[in-house]
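K.L.:
Sequence:
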Amino acid sequence: MGFTGYRGERMSEGRVIGAYLVPNQPLPLLAPEQSPAWQSLHDSYAQVRAEIEASDADLILIFSTRWVSIIGHQMQADPEPDFWVVDEDFHQFGSMHYKLKIDAEFAATYRDCAKARGLEARTVAYQGFPIDVGSISALKMLNPDNRIPAGIVSCNVYSDRSETLVLGKAAADAIKKSGRKVILLGVSALSNRMFTEWIDPKQDRIHSLKDDEWNRKILELLGEGRLEDVSQLSREFSRQANGDSKMKAIWWMASAMGQNNDYRGTVFDYQPVWGTGAALVGLIPASNLGGGLEYDEDDTEFYRGDRNVLAAAKKTNVNPS
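Adding 6 to a residue's 1-based position in the sequence shown gives its number in the numbering used here.
Everything labelled a hint here was simulated from the structure, so no lab data went into it.
Do not rely on the hints blindly, as some may be mistaken.
As the list claims (entries may be wrong) - Here are the computed distance ranges between Cβ atoms for each label pair:
1. Asp88 / Met200: 23 to 33 Å
2. Gly185 / Leu215: 39 to 49 Å
3. Thr202 / Asp62: 35 to 45 Å
4. Phe99 / Gln53: 17 to 27 Å
5. Asp49 / Trp204: 21 to 31 Å
A virtual CB, placed ideally from N, CA and C, is assigned to each residue, including glycine.
Let's have the full structure, built from the sequences with the hints guiding it.
P.N.:
Here it is, written out as structure tokens:
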């Protein structure tokens, strides 16, 4: 998989030129030598990094399940955040210093586009504001010299599928307005059942056979470029395999990229990280490969609050006989 036809002057209307699903844990960065699985992911990042470097992208836009928000959606807008961070669970593996290059102008545009679609949104630009370990790990592995400016948006704990789709569409609005050529990163695990006790890293494995089977089915679909199908299967996947944050990163990516199955998909790697399913997957837009929607779930353009489904159900008379 690779990029063709995108080099040259900045487009008058921006667009997404590629997307990648990457792990949400820092262990492949911090301690790859301690586990064959972590080392494999560490080495596979190099393939993704080479593709991104060849893409001539102007912006890397990240949705990370490790940056959790409750009051609406937040966009990082500090032009050069510079600080240290340790993982809440894996601090014994070391700390991470970061000095990033953030596209503050794009963050403001994204905020405005999100508000225009009815979402609660704001930018954050405070010295020492903690950047999440998922975003830091991804940028250190894929954009180590900060050659490409980045943007980061939070994962709202309470947002449902429809709200997350609107957030993705707001990202598409902002990308078009900005004129930038954008790589999307969904920083997320697949199955997200972690071991709750210390394990020998060399013996790391997917938490259960069931989780592994579901992960492999999802990766099979992504390898076929069927991103929208995976997006609409994510609820069931989350029920069966404890999908990371209900797979909101997939919802967001699919929405920002236009909700279709027209992609060239590549599964670079799939390994366990402390029991979770960690994968590196690439999706490059292509024409007439996968067709349109297969399912008929809601497709929301503007967020107008919760749909109050339970209240509506109370008005329905159900005959128990």
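K.L.:
Compare the structure with each hint and give your call.
P.N.:
Now for the hints, and whether the structure bears them out:
1. Between Asp88 and Met200 the Cβ separation comes to about 30 Å, which falls inside the hinted range of 23 to 33 Å.
2. For Gly185 and Leu215, the Cβ-Cβ distance of about 48 Å falls inside the hinted range of 39 to 49 Å, so the restraint holds.
3. A hinted range of 35 to 45 Å for the beta carbons of Thr202 and Asp62 is consistent with their spacing of about 44 Å.
4. About 24 Å separates the C-beta atoms of Phe99 and Gln53, a value consistent with the hinted range of 17 to 27 Å.
5. For Asp49 and Trp204, the hinted distance range of 21 to 31 Å is satisfied, since their beta carbons lie about 25 Å from each other.
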